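2 protein chains.
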Amino acid sequence: MLIVQKYGGTSVGSIERIKAVAERVVSTIRQGNQVVVVVSAMSGETDKLIGLAKSVSSNPSDREMDVLLSSGERVTTALTAMAIASLGQRSIALTGRQAGIMTDNLHTKAKIEKISPEKIKKSLFEGYCVVLAGFQGITESGDVTTLGRGGSDLSAVAIAAAIKADVCEIYTDVDGVYTADPNIVPNARKLDRVTFEEMLEMASLGAKVLQTRSVEFAIKHNMPIIVRSSFNNNPGTLVTKEDKDMERVVVSGVAYDKNQAKLTVMKVPDKPGIAAKLFSAIAGANINVDVIVQNVSSDGSSADISFTVPKADCNKALQFAEQAAKDLGAKGVAIRDDLAKISIVGVGMRTHSGVAAEMFDALAKHGVNILAISTSEIKISCLIEAKYTELAVRVLHEHFKLDLAN
Amino acid sequence: MLIVQKYGGTSVGSIERIKAVAERVVSTIRQGNQVVVVVSAMSGETDKLIGLAKSVSSNPSDREMDVLLSSGERVTTALTAMAIASLGQRSIALTGRQAGIMTDNLHTKAKIEKISPEKIKKSLFEGYCVVLAGFQGITESGDVTTLGRGGSDLSAVAIAAAIKADVCEIYTDVDGVYTADPNIVPNARKLDRVTFEEMLEMASLGAKVLQTRSVEFAIKHNMPIIVRSSFNNNPGTLVTKEDKDMERVVVSGVAYDKNQAKLTVMKVPDKPGIAAKLFSAIAGANINVDVIVQNVSSDGSSADISFTVPKADCNKALQFAEQAAKDLGAKGVAIRDDLAKISIVGVGMRTHSGVAAEMFDALAKHGVNILAISTSEIKISCLIEAKYTELAVRVLHEHFKLDLAN
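Residue numbers (my numbering), protein chains in the order written: chain A, 44 to 449; chain B, 44 to 449.
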């Protein structure tokens, strides 16, 4: 098999960890596989470099930030290749440029536009284990770029797709994808398998195992991913496309996100195009709006429009919302930042009715009030008071019997 | 003026030093100059990276070593560019590749083959201060290379020549080139000016201010160099070609090198081609031979051949010499590693006779025995017992009145 193995910051966080990674890689190769390794910077290194930048400049340019940040993966790439070679396996370290990762020029959060994997393929053909720097690429004009937080996941999946690998293994410090956060639900169960769509919802709902963009990329290229731990030999979780033969699980997991603030623009006159005006102003400021709820008043003349944003963007969103409220003739803007979003995810929801009602009922039974609801085909999210987060996660995990294998 | 300023490891060794460098650069630009900055890695960083490599592999590959080592200059390049920008001066960080530094593929000690400075020139034209990563380049096939210890000096001089700069300023932690090591001779005088040839002899004789290859490059391209301190505003030493109008100094400086071992191949039968055989074997092992002395025996039938090598190469050289001695029918090899080489340098020697005799006499008067002598047009070197090094430096400094400006 042709396997891409991606190792995150904690997996290459020390000399000992790098040696352990090298042993796993070499053992995979000796079982008859070809392996491309993608590594992140040592854990803490990126934050250290950002700290240095902040100490020389209050507003460092994104282009120079990328020259700086891309140094971290060079170090781990070279050290990992050396460690693999010292076990008797030919190995070559490639930078993002050498790996042919071409991006747009949105420095510090660049998007991959094209991959030219000739050098990778040639090296594999010549019997090398290829070790790539994740998180980085290069623009058409030759400038170094980075892909944003968690970008090494994306590098790994994109490379796997480009070289038509059989599977992309993402090594991290947890055993895989769980039915819920094990810190909150002690009997949370590791999932053997989840669909791309479920993984995507979980990732965007706050489960931290895989970066959202990397899952989107995997869907587009139908690249199976295995999430597993680099600290043991447990089999991990397979993330793959929905299998028609497989029984559809109604609820696969419970996710939560405490990083939510809710803004309500009150008594907006109910005219067509009002919501569009409000949200285009906020989108223009590059703020991600999540849940949106609109309640029309009983007489139909006005509406309250509520929406959630990440807490970090709360003040900026408030400015735009207040300006928009003024322009639209609304009464004002109310804000709450003591909220959490709790969600259940499962492909079986498509065909099972009544899941939402069960969720609301389970929460109500334990006195958890729901402030807003948002649904998609395979997930239901409720906005609740943040203090009920852990309780709600446990209630839903138990109600849907997620501790039992389906 | 178009000025290249190179800052060494101690000059960019901390956030405070980087900020001081930025202020000097911006002040130079505000005086109406265009500036290209070349930086080394933070002092200690390269050794730290080598330590990491040694801890994952007993024999790390040179190619991967270069991927690793080249990360150090990326950090200082980006930080310096950011610090300059924060003072209101547009600034851009370029890697060795972006600066167009093409080298051969002798990893960890690559030679510059070509510089394509289009990107540098374009950035200067657009009003940027260009900050370049020293010490690194790229091969034709796109692999990262480094230029060996002190390689940033070479990067700076080569870039200066390629963009036809008016001068190349080398910033370090000393005030310039001295008549002798100030640690040994308290009244050593900073030279306002030395010729390229004198600088070359001094560099290769152990004065540590400028890397030998960078001086050779400066000679070839007639690029004036100013060696000065980044810790003060003293004017430094101008290294330039000999000026016909300038009075020729007989002796400019005294240099010493304690890192010498002497090997003597005894009673080599005196046949043509014998010396060539001996030294081609040693050169093949990449060992630099310095002083060579051959004494033919009184009956002319055999000769003792002595030569010096760096102490680090002593054991390796001994192996080759013993093999050669056997092959040539010599009696054996004797070795001494308690020696130092002491040298006087000055362009005036070309026209002044008797300088060598004065040197030998001054040393003899203080009981310093001379074991071998080697001369060039502008320098005289003597091999002496290492314990006399400091005495000999002081004696020669005083004898030639180097504390007085000529």
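Honestly, the hints are just simulated from the structure, not real lab data. As the structure is a prediction and not an experimental result, all values here were calculated from the model. You may find that some hints are simply not true.
[Claimed, not checked] Pairs of lysine to any residue residues, derived as SDA-like cross-links and limited to a Cα-Cα distance of at most 20 Å, are as follows:
id, chain 1, residue 1, chain 2, residue 2
1, A, 97, B, 56
2, B, 91, A, 330
3, B, 62, B, 228
4, B, 97, A, 63
5, A, 154, A, 276
[What the hints assert, rightly or not] Here are some of the chain A residues that sit facing chain B, going by a computed Cβ distance under 8 Å:
id, residue
6, 53
7, 56
8, 58
9, 111
10, 117
11, 118
12, 126
13, 276
Glycine included, each C-beta is placed from N, C-alpha and C at the ideal position.
Structure versus earlier hints, numbers of those that do not hold, lowest first: 2, 3, 5, 6, 7 and 13
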